[in-house]
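Sequence lines, in order, name chains V and P.
Just so we're aligned: 180 in my numbering is position 180 of the first sequence, and the numbers increase by one with no gaps anywhere.
Just so we're aligned: 40 in my numbering is position 40 of the second sequence, and the numbers increase by one with no gaps anywhere.
Everything labelled a hint here was simulated from the structure, so no lab data went into it.
Built from N, CA and C at the ideal position, the CB exists for glycine as well.
Some hints here could point you the wrong way.
Unchecked claim - Label-pair distances were calculated between CB atoms; the ranges are:
1. P:ASP44 to V:PRO116: 29 to 37 Å
2. V:THR113 to P:ASP44: 14 to 22 Å
3. P:VAL43 to V:ARG54: 36 to 44 Å
4. P:LEU42 to V:ARG17: 18 to 26 Å
5. V:SER153 to P:HIS56: 32 to 40 Å
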Amino acid sequence: MMMLGQTCRYVFCDTDRASVDDLLAARERLGLQDQVRVVHGDGLAETLGLVETRQIGQASLVHVDPFDFHAQDRGVSALDLVKRLVAAAVPVVAWYHLATLAASLELFHDVMTAVPEALAWCAELQVLGPRANLAGVGWGCGIVLAGAALAPSPALTGAADAYVTAFNELSAGADLGVSVASRFATSAR
Amino acid sequence: MANPHFANLGDVWKHLWLTGALGQVRPVQYIETHAGSALYRLVDDVERAIGVRTRHCSP
Chain V
1 MMMLGQTCRY
11 VFCDTDRASV
21 DDLLAARERL
31 GLQDQVRVVH
41 GDGLAETLGL
51 VETRQIGQAS
61 LVHVDPFDFH
71 AQDRGVSALD
81 LVKRLVAAAV
91 PVVAWYHLAT
101 LAASLELFHD
111 VMTAVPEALA
121 WCAELQVLGP
131 RANLAGVGWG
141 CGIVLAGAAL
151 APSPALTGAA
161 DAYVTAFNEL
171 SAGADLGVSV
181 ASRFATSAR
Chain P
1 MANPHFANLG
11 DVWKHLWLTG
21 ALGQVRPVQY
31 IETHAGSALY
41 RLVDDVERAI
51 GVRTRHCSP
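Looking at chain V on its own, in the form it has when it is part of the complex (with noise of 0.2 Å):
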């Protein structure tokens, strides 16, 4: 909402009431009640519900980050979900935790199978070291952006290369005990 302002029409979704009564509050707060509509229920079969009736498309852009991507609610998982926008031509971020290293660009490879046509890219983020634990992501993260605008540019890429360097050089040096290394895959065009 800070970022983008009036410039953009926004729909927040949570099932947790306490977040949903925070959205509303700040979108009092910035003047954007004409511009936000804040959903309590399931984001999932929300999302769904507009792309089936064509409300999203092209110009929009979806953020979907979900606890497990495979759990279904009302009979939609994240990953269908996923897989339904891509297919759409839909932009689309999708975060996900790494609860294990075998789930190393899992998504990433989900989505491209289903959608073999996609342009996507993803950027993970795997943690390291004796203290690993205490970073609160399991084995690590990553995100996948699928849609042709969503390629990153290279200011974007030599941030992330920059924050791992740094990431590292930190810890290190504050002797926390944990450090990150990043894997990147695309799509192959």
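Chain P: place on chain V using the hints.
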């Protein structure tokens, strides 16, 4: 509070890419399926020290 892991290392990584994507695309419509709160009060603990505080100290 929907997200107890706010401002941790994963949250920093997510927002680095998300804000970059939003800046590039400037969408006319933005949707979040699992929004969480708009603001979180920053606390001083290990998870945030590994997360957002390292971001503040990096270039």
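Run the structure past the numbered hints and jot down the numbers of the failing ones, going up. Hints 1, 2 and 5 not satisfied by this model.
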